[in-house]
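The lines below spell out each chain.
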Amino acid sequence: MSQDPLDRFDPTLPRRRFLQAGAAGAFLCTIGGTDVLVSKRGDAVKADAAAAKVKRPKSAEPTEQQTYVTPEPQPGGRKVEYWIQARTVNWSVVPTKRDDWHGMPVPGKSTFKAAVYQLMSPGFAAPLAAPAIPGPTLYAEVGDTLVVHFRNNLKDLKQAVTMHPHGVKYNPEYDGVYIGDYTRAGGFIEPGEEFTYTWECVPESVGAWPYHDHGPNHTLNTFRGMFGSVIVREKDVKGPDVEHVIFFHQLQPPVTGLTRSYQCINGRAYAGNTPTLRAKVGDDVALHCIGMDNNFHDFHIHGHRWKDGSGGFTDNPSVGPNETTTARFVEDNPGRWLYHCHVFAHQDGGMAGWYLVE
Amino acid sequence: MEELALSYRTVTITAVAAAAALAFAPAAGAVTYPPPTKPKGQTGKPKGPHRTLHVCKSKNKVKQKKCFPRITDAVRKANAGDTIKVAHGTYKEAVSIVGAKKRYLRLIGDPKNPEKVKLEGSNKKANGVLVNGADEVTINGFSAKHYKANGFFVTNVKGYTLTNLRASLVGVYGLYAFNSIGGKMTKSIASYTSDSGFYVGQTPPQTKPVRTIIKDVESFGSVLGYSGTNSRYVTITDSKFYNNGAGIVPNSLDTEKYAPNENNVITRNEVFWNNFNYYEGAPFKRGSTSTDGVPFPIGVGILLFGGRNNEVTGNKVYGNYLVGIAGIQAITLAQADAKDLVGNSVTGNEFGLGGADPNGRDLFYDGSGSSNCFQTDGKLFPADGSTFAPCPFTGTNAFNASAQGEVVNWALDPSHEAAWIKGPHVSKPGITPLERYTGGVK
Numbered sequence: 000m001s002q003d004p005l006d007r008f009d010p011t012l013p014r015r016r017f018l019q020a021g022a023a024g025a026f027l028c029t030i031g032g033t034d035v036l037v038s039k040r041g042d043a044v045k046a047d048a049a050a051a052k053v054k055r056p057k058s059a060e061p062t063e064q065q066t067y068v069t070p071e072p073q074p075g076g077r078k079v080e081y082w083i084q085a086r087t088v089n090w091s092v093v094p095t096k097r098d099d100w101h102g103m104p105v106p107g108k109s110t111f112k113a114a115v116y117q118l119m120s121p122g123f124a125a126p127l128a129a130p131a132i133p134g135p136t137l138y139a140e141v142g143d144t145l146v147v148h149f150r151n152n153l154k155d156l157k158q159a160v161t162m163h164p165h166g167v168k169y170n171p172e173y174d175g176v177y178i179g180d181y182t183r184a185g186g187f188i189e190p191g192e193e194f195t196y197t198w199e200c201v202p203e204s205v206g207a208w209p210y211h212d213h214g215p216n217h218t219l220n221t222f223r224g225m226f227g228s229v230i231v232r233e234k235d236v237k238g239p240d241v242e243h244v245i246f247f248h249q250l251q252p253p254v255t256g257l258t259r260s261y262q263c264i265n266g267r268a269y270a271g272n273t274p275t276l277r278a279k280v281g282d283d284v285a286l287h288c289i290g291m292d293n294n295f296h297d298f299h300i301h302g303h304r305w306k307d308g309s310g311g312f313t314d315n316p317s318v319g320p321n322e323t324t325t326a327r328f329v330e331d332n333p334g335r336w337l338y339h340c341h342v343f344a345h346q347d348g349g350m351a352g353w354y355l356v357e
Numbered sequence: 000m001e002e003l004a005l006s007y008r009t010v011t012i013t014a015v016a017a018a019a020a021l022a023f024a025p026a027a028g029a030v031t032y033p034p035p036t037k038p039k040g041q042t043g044k045p046k047g048p049h050r051t052l053h054v055c056k057s058k059n060k061v062k063q064k065k066c067f068p069r070i071t072d073a074v075r076k077a078n079a080g081d082t083i084k085v086a087h088g089t090y091k092e093a094v095s096i097v098g099a100k101k102r103y104l105r106l107i108g109d110p111k112n113p114e115k116v117k118l119e120g121s122n123k124k125a126n127g128v129l130v131n132g133a134d135e136v137t138i139n140g141f142s143a144k145h146y147k148a149n150g151f152f153v154t155n156v157k158g159y160t161l162t163n164l165r166a167s168l169v170g171v172y173g174l175y176a177f178n179s180i181g182g183k184m185t186k187s188i189a190s191y192t193s194d195s196g197f198y199v200g201q202t203p204p205q206t207k208p209v210r211t212i213i214k215d216v217e218s219f220g221s222v223l224g225y226s227g228t229n230s231r232y233v234t235i236t237d238s239k240f241y242n243n244g245a246g247i248v249p250n251s252l253d254t255e256k257y258a259p260n261e262n263n264v265i266t267r268n269e270v271f272w273n274n275f276n277y278y279e280g281a282p283f284k285r286g287s288t289s290t291d292g293v294p295f296p297i298g299v300g301i302l303l304f305g306g307r308n309n310e311v312t313g314n315k316v317y318g319n320y321l322v323g324i325a326g327i328q329a330i331t332l333a334q335a336d337a338k339d340l341v342g343n344s345v346t347g348n349e350f351g352l353g354g355a356d357p358n359g360r361d362l363f364y365d366g367s368g369s370s371n372c373f374q375t376d377g378k379l380f381p382a383d384g385s386t387f388a389p390c391p392f393t394g395t396n397a398f399n400a401s402a403q404g405e406v407v408n409w410a411l412d413p414s415h416e417a418a419w420i421k422g423p424h425v426s427k428p429g430i431t432p433l434e435r436y437t438g439g440v441k
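For the protein sequence lines, the chains are A and B, in the order given.
Heads up, the first sequence is in numbering that gives the first Met the number 0, so the first residue is 0 and it goes up one at a time.
Heads up, the second sequence is in numbering that gives the first Met the number 0, so the first residue is 0 and it goes up one at a time.
This is chain B alone, in the form it adopts within the complex (with noise of 0.2 Å):
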């Protein structure tokens, strides 16, 4: 029996990390995405003066004389800083802001009423908006629906702002920023999206970094609430993850460059109710995670998938059936070097809310790598608390291989749902618990 049981660890192990690799891959196979290339940030900022364009669906003749019938040719006739204003209507448009020579471009919709201007993919075209090698674009007053990659899509650049968007239905993430430096994403919602609703990846090593902010957004609905490969210097806060797989989840991966992930701050947030099982149904199509039979864990409020120097810190998480907060090795990376979680702090949190809405664990560690400390003030697992060192911690952290390899069969599991442990929910004005899709979402 005991040499069936490691026999089996031994291939869930291998199993979960093609699940996981899967499940943060980058890109859906169905769109070609451009290449990476150094963001460079050396144009600098365009002198003026900038012109205003328009954009309108207006069948008024003389409207339609000082307005672009599509954001795409205002965009082709805009030089860099100049701005386009897009009235409210449905653009079935896959945008695309290409090159220095759109640099400070400034797309606006609808700040107050994203949803009166809207992005349409009809799940054929790729990309909401897609913006390439181009500085410090603005995107404000958007939504974006039913596109088979990204709703908003910026990579290659040197400083971003992303804005009251709204994404959803989307085939990979609702706003997603890949090998650029800095940059904002704000006050904006992601939903029900195949991989995750909010994604910085790839972020270049920098000597001295260019914060990225996510604040004030939130995301429920998808696979992941936020996912982030080797992803840096991002600072998650002031938002909401709830109703997702995971909520927030940051991870080293060997299918994007620079792992581990790093420097990354998550604070202030509310991660809650992330219990969402897609696998018994979803309104989006699956993607990849589903055909190899093996499924990310899903009940996880913030998951350290690997990492170094990540701070996770004043969050209120609840109501995560199968853990709040957890740190694992990045097991599935061939860069052995980058795998163990290092430096790492979790401090500060609150969990359960007093009790009315409890994780089924608050806090999971594998006590894989070293100077990694937390809090200890939850329900934890290991429950003898052996890998868990109390904040300050400089050293080796007592690694526990038996509880590393119980939490990937919690994930092996087929229902997806055995290790939950499950309570009773707060109530909450205009949000219901998700954990079975019952359709309805379009």
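In isolation and in its complexed conformation, chain A is listed as follows (with noise of 0.2 Å):
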């Protein structure tokens, strides 16, 4: 668990470590009982190490013995396979070394060991993407269950992750959440190890969701880059023309072990580097925006509008930790526009990028 480190009421930290978990990035995870101040460059390892301490709970009760059936999908639904696997790789926040926007040099180291979740074909036999941030996104439609055969190949960090989903519906089992004694089956995937989740997609379940590690070492491990997208739509109806899901996040050196942080899109940082997105005039385009940090973000696009939940147009709407907003419009505005996160410290720290549209 990770609490607020800018909670100035927060009675369980004493002023000195307050001020220090303020620090550029700092949080402080909670790791199998123990409190872990992740506040500098390096301090990733401690969080790593406690993590691999963390014991496979043993099923607790009474409750948690309950056994749970693995639903089927609904008439006429589809078994939605993926197989995924948790792993690490070096990731480079700024391959060109370059802000397209400013066109500014973006000097200094930018890789880091990131952890993420890889597409892989059935049966883990070989890569069907790159390992990247973000991971897969997950497409089903109303009444199908997403079947994802998860292994946890994360070979260097010994520990256990699991994938946590938002929007579709689940039982405790396929929860994917450690939550210590009363941790289920799919809460506590160890190296080597696989799980294969059955989430429902329920008329609810319609729109952009998040997945994200929810094992013992959660908040370090979604921050380094596990996490992902679910989408999900109503039956048989066709998707949008352009469709992108694009994070609004930070890579912080507690995190990195880097000596700057990065405002990031999608794991990159400065346009050039972040996603470029591109459509043509009438298009029908989604562009679905989720926060992945401890932050507060705002959305904005350029020369576009568009209506937000309650009916009213918006062109730079807010969205918090693990939160979806929607862009949703019929491209009629040709041009090179940009896309940015509005909160100025971040859009000027890289969170930007460009939208391309003939």
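Hints in this document: simulated from the structure, not taken from any laboratory.
Even glycine gets a Cβ: it sits at the ideal position worked out from N, Cα and C.
Wrong hints could be hidden among the right ones.
Label-pair ranges, simulated between beta-carbon atoms [unchecked claim]:
hint: 1; chain 1: B; residue 1: ALA355; chain 2: A; residue 2: GLY319; range: 57 to 63 Å
hint: 2; chain 1: A; residue 1: LEU127; chain 2: B; residue 2: GLY394; range: 26 to 32 Å
hint: 3; chain 1: A; residue 1: ALA48; chain 2: B; residue 2: LYS441; range: 22 to 28 Å
Starting from the two chains in their separate frames, assemble the complex, guided by the hints.
Okay, here's the thing in structure tokens:
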């Protein structure tokens, strides 16, 4: 569990630790009953060491001894299978070493060891995509079950991890959460192990949602890349012509071991590195923005406006941690556009990209 | 006539049941295997420092002082986590690596030239290397020939690595894992074994399974290319199975615990020319299948003999004269609730190389069980496609007793070839179709 280090009234933090935690990118993890302050470069090792010591929970009682039936698809629905593994990868945050918006170099080292979800072929026979931030987007329709074969292939981070989804329906077995002695099977997948999650796509699941690690070290692992998205559509309804999921998040020195912070979109910082989105006039466009750190962000697309959930128009909605906001519109405005977080410190730190319309 | 036919069918099913049990039997009667125990995996990775021990056959006295003359001697002296490097030569031994004190041992021959580090059984010794109860042992860079039982045999362990190995002319299996959790068999070749080239059997059921990977291997000239009795969580990929009696055969039998086989994935393999009629001669001593008088069908690429939630996808299957991919109820299994095929899928496989190297039939399914689904883009048996439900499918499949009976009768044909539908083969550099053994393999 991660407490908010900026909560000045948090009675569990003495003043000195509060000030430490208030440093850039600091956060407090509670891992297997141990508090670990991750406040400076190198502290991630402490969290990993604590996570490696967490023992597999024994089944608890009494409700935890209940057994749950694996759900089947609704009539006409499908079992939509994915094979996904957790692994580490050397990840470059600014591969071009340049900010294409300002035409400026971005000097300095930006490669760190990320932990990510990777899409694999059946049986984990071969990768179907490069390991990346974010992990694969999972697609399904109402009535389907998402059957996710997950393998912990973190060879160099000796700790249990999971996949915890938002939006879909699941019983406690498939929650993918570590909750100490109450942990169910899917909440503690040790290195080398597999677990098959089955999640139901109910009518209320329609939309774009995140998934992320929710094992013993979930905060650090999520911050260093273990997240992705689930998109559920109405049955037999055509999807948009252009669809992207973009995560707004930070990569901070305590997580990366790098010397500076990066404000990121999908693991990259600065236009030209962050995703360049493309569409044509007349396209039905859906851009899903999800917050994936401790901050609130504003999702701004230049030259465009769309209806928010209340039916009013917006061009700069806010999005909080693990919250989704979707910009859905028919493209009518060709040109080169910026999209970015409108928290100024974020946009100037790299949380910006290009949207190109032909 | 009809009565006679039905009566014959009843008899034949029983007979094939016996034959199948023998064909998949895990062990030769001539050797005694260690009993299965629960793979614990609780001993953990040993802390160093670890040593490297050397084995060599040198006549040079200086070298002799630095190395053990036998692998067995080095294993005795080795501690958990140590490495044993074995020099080129022929070692007439049956190496045993037993117990937790030998866990994480690394037995290294010549990974680039496994044929130069030879284990020779002289048809007297049981196994080239036996690993029993020692987790995460690595065996890399050896060849094993002429063992009464197996080339490389791992049992009662959690994790192993068998890589760059060659096993040939052994009495049962080339590379064999039994009652174990996880493990890898890679970059290895097994040939001319009297049961199967590769075998994974009696995998303990696991809530959070550790997968067994068989990748980048070749298996040819054996009764079966791969056999997996009550195997589970096995991925077989990027490999070639050819010139066997049958190519890849996960199966469910009473001879081992934990029926049925399940959750196996067979993908991205080439499975071709599995028409080796070893009844007409073989370089190995045929096992008890021959004495029973009822053969296992020859000419099959991939056969699911019972099983649940297996996935067969993305393979190239061609030139198998009886059938490319088949699914049939585990008719011999006593455990009634594990006999049927359940939840298996056969999708996205390529058949017959576009007609250049056709299978006799591409797909057979008897329609037993439930929620099994198939691609339907090949030559089907039964030809009306009535048993085949396209993917995805949930529900009871359309069982066809007549089709099942006919396929059983194929197996009973004394020539083993009467139901073959032979076609042309493409030429493949370095590989010749093997239907009848003509000698020369030693």
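Could you see if the CB distance from ALA48(A) to LYS441(B) stays within 22 to 28 Å? Roughly 56 Å apart at Cβ, these two residues miss the hinted range, so it is violated.
Has the hinted range 57 to 63 Å been met by the Cβ atoms of ALA355(B) and GLY319(A)? holds, 59 Å
Between LEU127(A) and GLY394(B), does the C-beta distance stay in 26 to 32 Å? holds, 29 Å
In summary, the structure is inconsistent with hint 3 from the numbered list given earlier, while agreeing with all the others.
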